[in-house]
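Chains as they are written, first to last, in this note's numbering: chain A, 1 to 284; chain B, 1 to 284.
Since the hints were made in silico from the structure, they are not lab data.
Please note that the accuracy of each hint is not assured.
Chain copies aren't distinguished; within one or between two, either way the pair holds.
Below, a list of computed lysine-lysine pairs in the DSSO-like style, where the Cα atoms sit at most 30 Å apart [what the hints assert, rightly or not]:
(1) Lys-141 with Lys-31
(2) Lys-16 with Lys-30
(3) Lys-283 with Lys-185
(4) Lys-16 with Lys-126
(5) Lys-217 with Lys-30
(6) Lys-260 with Lys-210
(7) Lys-136 with Lys-220
(8) Lys-16 with Lys-36
Protein chains: 2
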Amino acid sequence: MSIKEKASTKEFPEIKEYHATSCGIFFKRKKLLCTKNSPYQKIEVFENEYFGRILILDGLVQTTERDEFFYHEMLVHPAFVAHPLPQNILIIGGGDGGGLKEILCYPIEQVYLVEIDPLVVEVSKKYFPWLLPSLKDKRSKLLIADGREFLKETDRKFDVVIVDSSDPVGPSLPLHEKDFFEDLKNCLNPEGVVVTQLGSPLYHLDSITKKNIFLKKLFKLVFFYLAPVPTYPGGSWCFAFLSDKVGPFAIKRNPPSGLKYFNLEIHQAAFALPAFMRSVLCKT
Amino acid sequence: MSIKEKASTKEFPEIKEYHATSCGIFFKRKKLLCTKNSPYQKIEVFENEYFGRILILDGLVQTTERDEFFYHEMLVHPAFVAHPLPQNILIIGGGDGGGLKEILCYPIEQVYLVEIDPLVVEVSKKYFPWLLPSLKDKRSKLLIADGREFLKETDRKFDVVIVDSSDPVGPSLPLHEKDFFEDLKNCLNPEGVVVTQLGSPLYHLDSITKKNIFLKKLFKLVFFYLAPVPTYPGGSWCFAFLSDKVGPFAIKRNPPSGLKYFNLEIHQAAFALPAFMRSVLCKT
Numbered sequence: 001m002s003i004k005e006k007a008s009t010k011e012f013p014e015i016k017e018y019h020a021t022s023c024g025i026f027f028k029r030k031k032l033l034c035t036k037n038s039p040y041q042k043i044e045v046f047e048n049e050y051f052g053r054i055l056i057l058d059g060l061v062q063t064t065e066r067d068e069f070f071y072h073e074m075l076v077h078p079a080f081v082a083h084p085l086p087q088n089i090l091i092i093g094g095g096d097g098g099g100l101k102e103i104l105c106y107p108i109e110q111v112y113l114v115e116i117d118p119l120v121v122e123v124s125k126k127y128f129p130w131l132l133p134s135l136k137d138k139r140s141k142l143l144i145a146d147g148r149e150f151l152k153e154t155d156r157k158f159d160v161v162i163v164d165s166s167d168p169v170g171p172s173l174p175l176h177e178k179d180f181f182e183d184l185k186n187c188l189n190p191e192g193v194v195v196t197q198l199g200s201p202l203y204h205l206d207s208i209t210k211k212n213i214f215l216k217k218l219f220k221l222v223f224f225y226l227a228p229v230p231t232y233p234g235g236s237w238c239f240a241f242l243s244d245k246v247g248p249f250a251i252k253r254n255p256p257s258g259l260k261y262f263n264l265e266i267h268q269a270a271f272a273l274p275a276f277m278r279s280v281l282c283k284t
Numbered sequence: 001m002s003i004k005e006k007a008s009t010k011e012f013p014e015i016k017e018y019h020a021t022s023c024g025i026f027f028k029r030k031k032l033l034c035t036k037n038s039p040y041q042k043i044e045v046f047e048n049e050y051f052g053r054i055l056i057l058d059g060l061v062q063t064t065e066r067d068e069f070f071y072h073e074m075l076v077h078p079a080f081v082a083h084p085l086p087q088n089i090l091i092i093g094g095g096d097g098g099g100l101k102e103i104l105c106y107p108i109e110q111v112y113l114v115e116i117d118p119l120v121v122e123v124s125k126k127y128f129p130w131l132l133p134s135l136k137d138k139r140s141k142l143l144i145a146d147g148r149e150f151l152k153e154t155d156r157k158f159d160v161v162i163v164d165s166s167d168p169v170g171p172s173l174p175l176h177e178k179d180f181f182e183d184l185k186n187c188l189n190p191e192g193v194v195v196t197q198l199g200s201p202l203y204h205l206d207s208i209t210k211k212n213i214f215l216k217k218l219f220k221l222v223f224f225y226l227a228p229v230p231t232y233p234g235g236s237w238c239f240a241f242l243s244d245k246v247g248p249f250a251i252k253r254n255p256p257s258g259l260k261y262f263n264l265e266i267h268q269a270a271f272a273l274p275a276f277m278r279s280v281l282c283k284t
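The task is simple: from the sequences and hints, build the whole structure.
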């Protein structure tokens with residue numbers, strides 16, 4: 001549809017994210033709500049007429065009020081409908097709390113949210129409505145710590161681990177490396193499931209392919225799945241579902257009611273891979 | 001991934017498409033290849049470093065060299081793997097020839113390409129490598145005509161009709177209305193299948209919902225399906241599969257080899273609808 005620039009939005013500054021050096025997404029910034037520098041990254045929240053509040057870390061969109069459900073529902077529910085008994089849960093990263101709120105829909109015992117940057121949590125508490133109630137839930141344990149260090153030191157074992165990292169630059173870089181996944185495996189119960197975001201199948205296929213090689217050495221079961229995320233590069237996102245014992249297709253429970261993207265048909269469908277992904281991921 | 005603006009791309013003009021009044025996509029225009037005004041619309045082709053050649057009609061991205069396969073494969077192959085014997089084919093719109101090249105992969109008898117704007121065909125012949133060989137194929141019949149008028153006047157019947165319209169503004173407006181689909185139904189063989197693009201599930205859900213109401217009155221079988229299209233609004237696109245007799249799930253043949261997006265797993269998966277679409281499309 002031909003959308004002309006409204007007179008009212010013309011005056012708003014334009015915020016751009018490059019997806020490659022020659023293209024990207026832009027948003028009119030109706031209101032700047034917050035801009036802070038932590039020791040780890042630059043954190044900004046602004047308001048956009050269409051997407052509502054948008055969280056930006058080091059210039060990259062992390063979450064928006066309007067489309068967060070695509071990403072967070074698909075980050076969490078595939079593991080939770082497939083795991084036989086998800087009781088002890090770990091989220092690494094995800095300080096905005098979008099994944100946490102989805103996890104708390106299930107009758108779990110405890111969920112650790114291990115976020116390296118306390119300022120992401122503080123800012124998200126203030127600007128995103130879901131985080132504060134999720135942290136008040138007695139089952140939630142917030143730890144401000146380096147996810148990698150936490151894994152090395154903890155003697156806890158987890159049923160489901162969700163790696164909600166930002167992209168492999170800045171503080172999230174170690175969360176994309178082989179050593180991290182080895183440590184992670186050591187903290188899993190035998191029936192444990194790990195889900196991690198892997199980036200855009202269009203823009204990041206090389207890095208997905210590289211991870212596939214070491215993930216297949218570490219885990220007996222490696223599945224990739226996809227979901228649309230309108231404000232992420234290319235509009236579609238890749239996740240890995242990793243386990244030694246639990247595959248994604250034997251459904252153990254229904255998802256909670258009231259979800260906006262996920263359902264059990266979508267669950268099965270998300271694991272179908274396009275020809276261009278199959279041809280590189282199934283060779284390795 | 002943090003992508004900085006390269007010095008080399010800074011000088012290139014920025015081409016923007018608004019998806020709502022406050023957000024959209026941008027491309028650096030490395031080289032302007034063509035800009036023409038037809039009686040129907042403004043036609044532009046430019047070169048972008050990442051997406052290659054991009055065809056723009058009235059300011060909206062129609063196709064790019066790099067990502068056209070998502071859209072064109074998903075526009076064509078679902079109907080062709082499901083129809084019992086697709087011999088006589090009609091494309092309405094689609095003057096860029098992306099759909100035509102996919103159709104010609106099958107052993108069909110004849111395909112009519114009915115495009116209203118001869119200048120779209122001329123420009124696409126020059127700048128997109130697939131159109132000219134497709135038009136030279138003896139099975140292809142190019143007609144420069146109003147698709148709606150063609151349907152009213154022809155006494156031909158078709159097995160598969162592909163409506164590859166642009167959005168419901170400008171010359172494509174009538175291709176989105178009930179009368180058009182009534183005429184279209186009159187030109188179908190009893191086992192005929194129609195596929196039409198319906199827009200973005202995020203941005204155009206209202207118009208998809210309205211069409212659903214009259215499509216369900218016209219066709220016994222109405223299925224919606226989805227595909228990622230990185231350069232279209234929201235990065236994901238909706239199509240309808242319409243028929244009185246032929247559903248999409250009983251596969252009649254394999255797709256051609258060498259496809260980049262489509263395969264039979266993707267075919268089944270594409271028909272799974274997100275919760276927010278099901279809740280509005282299954283009520284009506």
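30 Å Cα threshold - placement of Lys-36 relative to Lys-16: both (18 Å within a copy, 29 Å between copies)
Within, between, both or neither: Lys-16, Lys-30 at alpha-carbon 30 Å: Both ways: Lys-16 and Lys-30 sit 14 Å apart in one copy and 18 Å across, limit 30 Å.
30 Å Cα threshold - placement of Lys-210 relative to Lys-260: Answer is between: at 20 Å across copies they meet the 30 Å cutoff, but 32 Å inside does not.
Intra/inter-copy verdict for Lys-283 and Lys-185 if alpha-carbon distance must be at most 30 Å: within (24 Å within a copy, 45 Å between copies)
Intra- versus inter-subunit Cα pairing at 30 Å for Lys-136 with Lys-220: Neither. Shortest intra-copy (37 Å) and inter-copy (51 Å) distances fail the 30 Å Cα cut-off.
Intra- versus inter-copy proximity for Lys-30 and Lys-217 (alpha-carbon distance at most 30 Å): Classified as neither: same-chain Cα gap 48 Å, cross-chain 43 Å, threshold 30 Å.
Copy assignment of Lys-141 with Lys-31, given that the CA separation must stay at most 30 Å: neither (32 Å within a copy, 54 Å between copies)
Within, between, both or neither: Lys-16, Lys-126 at alpha-carbon 30 Å: Answer is within: at 24 Å inside a copy they meet the 30 Å cutoff, but 33 Å across does not.
Hint compliance for this structure: hints 1, 5 and 7 are not met, and every other hint is.
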